[in-house]
Amino acid sequence: TFSGVHYTLRGNCSYLLAGDLLDNRFSLLVNYQDKLERRFSRQSLTLITDTGHHINIDTNTRHVTVNGKRKELPLLVGGSTRVVRSGAKLLVSTETGGLLGPLDTGVSGTLTLPDGTPTRDVTDLARAWRVGHPGSCSESNAPPTDQHPDTQEGKELCRGLYQDFDSPLITCHDEVDYAPYYAMCLEDMSRAKDPEGALCASAALYITECNRRGMEVAMPQGCGENQLSPNLLPSTHHSLTWPKYHRSKGISLSHCHCPLPDGSTLSPGEVQVFDGNSPHSADTVLIVEQASCLQGLQLSQLTDKLDSALNLAGLINNRYSVVGFGGDRFPEPQTYTVDGEIWLGRRALNKAFRG
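Just so you know, we're using full-length UniProt numbering here: the sequence shown kicks off at 1 and counts up by one.
No lab work stands behind these hints: they were computed from the structure. It should be emphasised that the depicted structure is a prediction, and the values quoted were computed from it without experimental measurement. Where hints are given, some of them may not hold.
Lysine-lysine pairs mimicking DSBU-like chemistry, simulated, CA-CA at most 35 Å apart [unchecked claim]:
1. Lys351 - Lys71
2. Lys305 - Lys351
3. Lys155 - Lys193
4. Lys69 - Lys351
Construct all of the structure, not just a fragment, from the sequences and the given hints.
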């Protein structure tokens with residue numbers, strides 16, 4: 001929550017994550033979908049604006065729809081709500097409530113019902129903030145939040161990640177309390193089919209908060225740099241390790257790391273051998289000023305010639321990305337998408353240019 005409370009909820013309903021309870025200017029919903037083996041996954045986030053627009057963001061594909069119609073990014077809705085490719089960034093200064101709790105300076109560490117009553121029962125909390133017909137879904141599978149099955153392997157991995165002096169996370173403990181993330185780690189590990197992958201999920205959340213507060217912390221070796229799903233580890237990795245923490249100087253070597261194409265990272269002391277042919281293709285970023293003087297310019301012809309020249313040089317299957325700046329709606333640089341993707345083939349570039 002906004003106040004730092006961690007709890008686990010499993011259900012197949014839609015819930016209010018956050019909303020403007022003062023002026024009813026927006027509502028942010030999270031939508032879960034029933035999956036096999038009685039497990040539930042987050043499918044999408046829905047923002048309802050004060051003008052009645054429904055902005056839906058698919059959390060798997062990152063596709064965005066407005067009132068049921070597919071849209072490309074960057075996007076301006078209702079004159080005030082912006083969605084950009086770096087994430088759905090919505091800045092609101094008002095009273096809020098929902099599963100994320102109130103965004104205020106009041107008492108922290110509490111869960112709050114719509115009438116302001118504090119509660120410790122997660123099921124009651126979920127039912128209170130549920131959206132839709134009560135009989136269409138349930139929270140019957142919500143586990144106790146204070147109980148974690150006794151899995152020794154999970155405990156050892158979580159303890160090593162959050163409490164071992166050799167862990168790269170130790171440098172952030174003075175800035176960000178690790179206790180909620182440690183509890184999350186234990187909860188995830190208690191039912192994970194892939195314990196090491198589940199370990200990376202809580203670590204990624206903790207590192208995100210550390211980075212937000214200005215602390216440079218790297219993912220443990222074997223975890224993807226910016227991945228939050230449980231399926232984090234490439235099949236070639238069989239263990240999680242982290243660089244040694246120098247107690248005498250208080251310096252962590254984890255600041256040095258190199259992201260790899262498969263999503264993993266290469267950390268100090270690690271050696272990885274790549275076999276096979278090197279790729280013969282190019283990634284090109286086109287930076288375009290959105291000025292009126294360029295409206296008549298056929299940019300597609302430019303990219304056709306560029307792609308032909310690259311092909312003659314032996315570079316095929318090339319990809320392109322478009323960054324626009326200086327526009328009336330978006331004066332700052334923004335990446336333009338086509339079908340939710342930022343890397344495009346040559347033929348898809350015209351759609352990005354029209355954005």
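Each hint, compared with the structure:
For the given pair, Lys351 sits about 12 Å from Lys71 by alpha-carbon distance, which is consistent with the 35 Å threshold. With a C-alpha separation of about 18 Å, the suggested pair Lys305 and Lys351 falls inside the 35 Å cut-off, and the hint holds. For the hint pairing Lys155 with Lys193, the CA-to-CA distance comes to about 15 Å; that is within 35 Å, so the pair holds. Between Lys69 and Lys351 the alpha-carbon distance is near 16 Å, which keeps this suggested pair within the 35 Å criterion.
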